Every structure is written in C-alpha cells, then in structure tokens.
Amino acid sequence: MGSFLLELSLLGILIIGLTAFSAVIVQFLGEKIFGRKTKSLYSSKSRSIQSNWKQVGGNHRYRQ
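One point on numbering: in the UniProt record's numbering, the residue at position 58 of the sequence shown is 58, and numbering is uninterrupted.
Honestly, the hints are just simulated from the structure, not real lab data. Treat the numbers as computed from the prediction; the structure is a model and nothing was measured. One or more hints might be untrue.
Stated by the list, open to error - Between beta-carbon pairs, the in silico distance windows are:
(1) Val-24 - Ile-49: 50 to 60 Å
(2) Ile-49 - Ser-3: 53 to 63 Å
(3) Ser-43 - Ile-16: 52 to 62 Å
(4) Thr-19 - Trp-53: 29 to 39 Å
(5) Lys-37 - Gly-2: 47 to 57 Å
(6) Leu-5 - Ser-51: 46 to 56 Å
(7) Glu-31 - Leu-11: 28 to 38 Å
(8) Lys-45 - Val-24: 38 to 48 Å
By construction, the Cβ of each residue, glycine as well, lies at the ideal position given by its N, Cα and C atoms.
My request is simple: use the sequences and hints to build the entire structure.
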C-alpha cells in the first residue's frame with residue numbers, strides 16, 4: 001500500500017510539473033528553432049518603449 005501511494009504521488013507530481021512548465025518549454029523551443037533573427041525582437045522593443053517612462057514612487061518621505 002505504501003509503494004502504491006508513493007508511486008501515485010510521484011505520478012501526480014510529474015503530471016503537475018509537466019503541465020506547469022509546458023508553456024515555458026514550448027516557448028523556449030519555438031524561439032530557439034523558429035526564432036532566427038527575431039529572437040530578441042519583443043524584449044528589445046519593450047525595453048525601448050519603457051526607457052522613457054518616469055520613475056514613480058513619491059519623494060520617499062516615509063522611508064526610514
């Protein structure tokens with residue numbers, strides 16, 4: 001009975017882990033295999049847009 005519970009829990013952890021990381025794995029493989037020249041297109045575009053944003057947070061008068 002103990003080995004059954006151990007095997008069932010390991011199978012559950014494996015299924016949950018694969019489900020949780022499947023999108024990350026597929027995105028990584030898609031960028032590496034099919035990305036070619038546009039590997040960093042989206043991150044560099046996002047970085048260029050955010051470079052002119054103002055820093056927010058007030059004047060820090062409550063910080064000790």
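Practice problem: Please test the hint of 53 to 63 Å on the beta carbon pair from Ile-49 and Ser-3. | Solution: 55 Å, holds
Self-check item: Range agreement (Cβ of Ile-16 with Cβ of Ser-43, hint 52 to 62 Å)
Solution: 29 Å, violated
Self-check item: Pairwise beta carbon distance, Leu-5 to Ser-51, judged against the given window 46 to 56 Å
Solution: With Cβ atoms ~54 Å apart, the hint holds.
Quiz item: So the hint says 47 to 57 Å: do the beta-carbon atoms of Lys-37 and Gly-2 match that?
Solution: 55 Å, holds
Quiz item: Between Val-24 and Ile-49, does the beta-carbon spacing fit 50 to 60 Å?
Solution: Violated, since Val-24 and Ile-49 (Cβ atoms, about 24 Å apart) do not stay within the stated range.
Quiz prompt | Assessment of proposed distance window 38 to 48 Å (beta carbons of Lys-45, Val-24) | solution = This hint is violated: roughly 21 Å between Cβ atoms.
Exercise. Check the following: the C-beta atoms of Glu-31 and Leu-11 are separated by a distance inside 28 to 38 Å.
Key: 30 Å, holds
Quiz item: Do Thr-19 and Trp-53 keep their Cβ atoms within the hinted range of 29 to 39 Å?
Solution: 35 Å, holds
Checked against the numbered hints above, the structure violates hints 1, 3, 8; every other hint is satisfied.
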